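K.L.:
Residues per chain, in single letters:
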Amino acid sequence: MFIDALVEFLSPGNVVDVLVRGLAEAGLYVMIASGLTLVFGLMGVLNFAHGSITMIGAYLGGLVLVTLAAGGTTVTGLLGFAVAIVVAFGVLAALGAGIETQLVRRIYDRPPLYQILLTFGVALVLDELARIVILFYGLQPSTVWQAVLGTKPTVLRESVDIFGASIGGLELFQILFGVLTVAGVHLFLTQTRYGLFIRAGSEDSEMLSALGVDVRRVFTVVFALGTGIAGAAGVLLAWDPAWGASVPLAAETLLPAFVVVIVGGLGTFRGTVVAALLVGFVDSTMTWWFQNHINFTGLPEMMVFLVLVVMLIVKPQGLYGVSEVGGH
Amino acid sequence: MYTLAVNSPLSAEFTALLPRIETLVVVLFFALFAMSFDFISGYTGYLSFGHAAFYGTGAYLVVLAANGKLPLLGPETPFMLLLVIAGVAAAVVALLIGSVSFRLSGVYFAMITLGFSQVLYVFIRDWDFVGSAPRNGVAVTGTTEGFRIGIPGVESLSVAIGQLTGDSIEGLFGFISLSATEVSFYAIGAVVLVCYLLLQRLVHSPFGRVLIAIRENEERARAIGYNTYVYKLSAFVMSGFFAGVAGALFAGFRRSVTPENGFYFLVAGDALLASILGGFGTLAGPLYGRLFDQGAREFLSKEGGGGGLLPYLRANLGEGTLSTELFNGVTVSEAIDTFLNGHAALFVGVLFVLFVLYVPNGVLGTLRMRYGGVLAKAIPRRVQQWWRS
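Chains S and L are the protein sequences, given in the same order.
The first sequence begins at 1 in my numbering and counts up one residue at a time.
The second sequence begins at 329 in my numbering and counts up one residue at a time.
Simulated from the structure, these hints should not be mistaken for lab results.
Just so you know, not all the hints are guaranteed correct.
Cβ-Cβ distance ranges computed for the label pairs, FRET-style [stated by the list, open to error]:
#1 Lys315/S with Phe457/L: 26 to 36 Å
#2 Lys315/S with Gln528/L: 35 to 45 Å
#3 Met207/S with Glu547/L: 22 to 32 Å
#4 Met697/L with Val314/S: 39 to 49 Å
#5 Gly98/S with Arg716/L: 49 to 59 Å
As the structure is a prediction and not an experimental result, all values here were calculated from the model.
All C-beta atoms, glycine included, are put in the ideal place defined by N, C-alpha and C.
Could you build the full structure based on these sequences and the hints that come with them?
P.N.:
This is the structure in structure tokens:
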């Protein structure tokens, strides 16, 4: 029986299907997690408010989409989406800069425990504020905001056949954004002056400041960049029916983001990309098994957390991590 | 006391301010959980973010045993025995998780315990052995009798707990009458007190000193010759035991448990909140922290049957004030509804952030530093000095 299922799983159409789904998931994961890893790599702060930022991004983007693209034609939908991404990135980068300069900056010299505590508190406050605002406008905070899903253009609802597998337009869209994020962050890190500062600061921030670079400003920029990417990821999630804009999205994205970041090795961008692919494929594979043969709803989610646990047991510093990072 | 305050001339103010007895019961068992969390995280400095796993284990064990789902533990198993078994079960889970987790430290330790507890959470949430709709949690259906707390084997020296199933006491010693919830309060309070004293004993033993040494400088503790791994792991197992007992008390009182209020990682987040507010690394601190947290939640919720800010404001602000427009046609009454009703988490969260920034030792820790010792000793000393001078 298991052999039959395995043969069915390995049929070409199905493999392509699972691979593309996995890539789409990886695209989402890399968007959720790359901000987290940049911040940790440079400052050693594990930002527990990251998921809340993504959630706010989903609502902000949703607001833009509902205002601009309520009609639902393809052109307005995609244009509205572009505007939504820019708005979410801008607003949340500003919010991130605010959080960094006003709160996180005060506790860099304390043990890492306090940074977790502080950002956890910020997450509580942001979640509750979001809940208040959303309730005030008569939306249900715990269920997905349906109006945003309605603005998704028809192109993304259709699916195309490749090798006998039907691939949704939204999945291709998510892969595109994943690739864009990876390329963008990679170019930023390797080609710009700030990228150089960030890479240097991840190695030794004291040395960097001794060389005359204003490290505090670099920290702020990286924090803002990280939260901005998280906000943009939220906009992308608002169109995906499996995620959608809701307040619990904060925890739903935070935990997989942690898994990706830790499996890849805290603070390494390359590791995060590889880990996002790994977790994405685990997720899509397990989703297939659950849908077809194993009757256990939580299978994909459980496997994702098991990846984290197994990785921490086998190789605690993650795929590409350096063992000194994060207080081993 | 409560009755006295509520019947006094300031009754409206008192009903608004004071938490109800139901809330206090919740404070008690959750405080025990928060203490167990603080015992490992506050004293050794290892943040156990997956502590909810042990609380959930204890709670589910009681409910499943009462529903006759567990081998050897029928519905008629005495609750006092269940408490111990729940603790032991949670301690075993803690031993398994801890033995691999303590190879790591810092952020990684927090993450691996979080990972373990989330695996358990998803597993329990979707495992249909637990109940027909495991996602919505399970309630005690196997027995209608309340769980009894007291001296095992002596029927007259034990009482049943629970809001509906608990015993009420009429005319004890001629003048003490207690409602079912009040009886639960004292019964659960007794168990929590015993656990607190045990934890207190551990903290002040040489064993507890080693834990603090690990928090302050683990390398040095190891260099002196302590096998820190064994110390950390045994502290983790003990902490798991008490978290399991707390979970069992919770399930015994509420008679139901859901994956969200048992195993979800935010349950540990609440314990963290209580510990930070009350005092990280002080055993009694989490009790006050939780009291404040729960009190604020009730004070700011509309449903607070006994009272709360909202009914108080509604009753005592005039109709004119309530319907005054603030901006854009939003009236005061609507603003109160929007910002205050059930949104205590906002204010508690802001306070939490302020505490992390400015009062990292929590209320109790700061007071102890200020008065130079445990309050119960420091305050009489102060009073004596003041008296003599």
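K.L.:
Hint by hint, note whether the structure agrees.
P.N.:
Right, here's what the structure says about each hint:
| no. | hint | result |
| --- | --- | --- |
| 1 | Lys315/S with Phe457/L: 26 to 36 Å | holds, 34 Å |
| 2 | Lys315/S with Gln528/L: 35 to 45 Å | holds, 40 Å |
| 3 | Met207/S with Glu547/L: 22 to 32 Å | holds, 25 Å |
| 4 | Met697/L with Val314/S: 39 to 49 Å | holds, 43 Å |
| 5 | Gly98/S with Arg716/L: 49 to 59 Å | holds, 53 Å |
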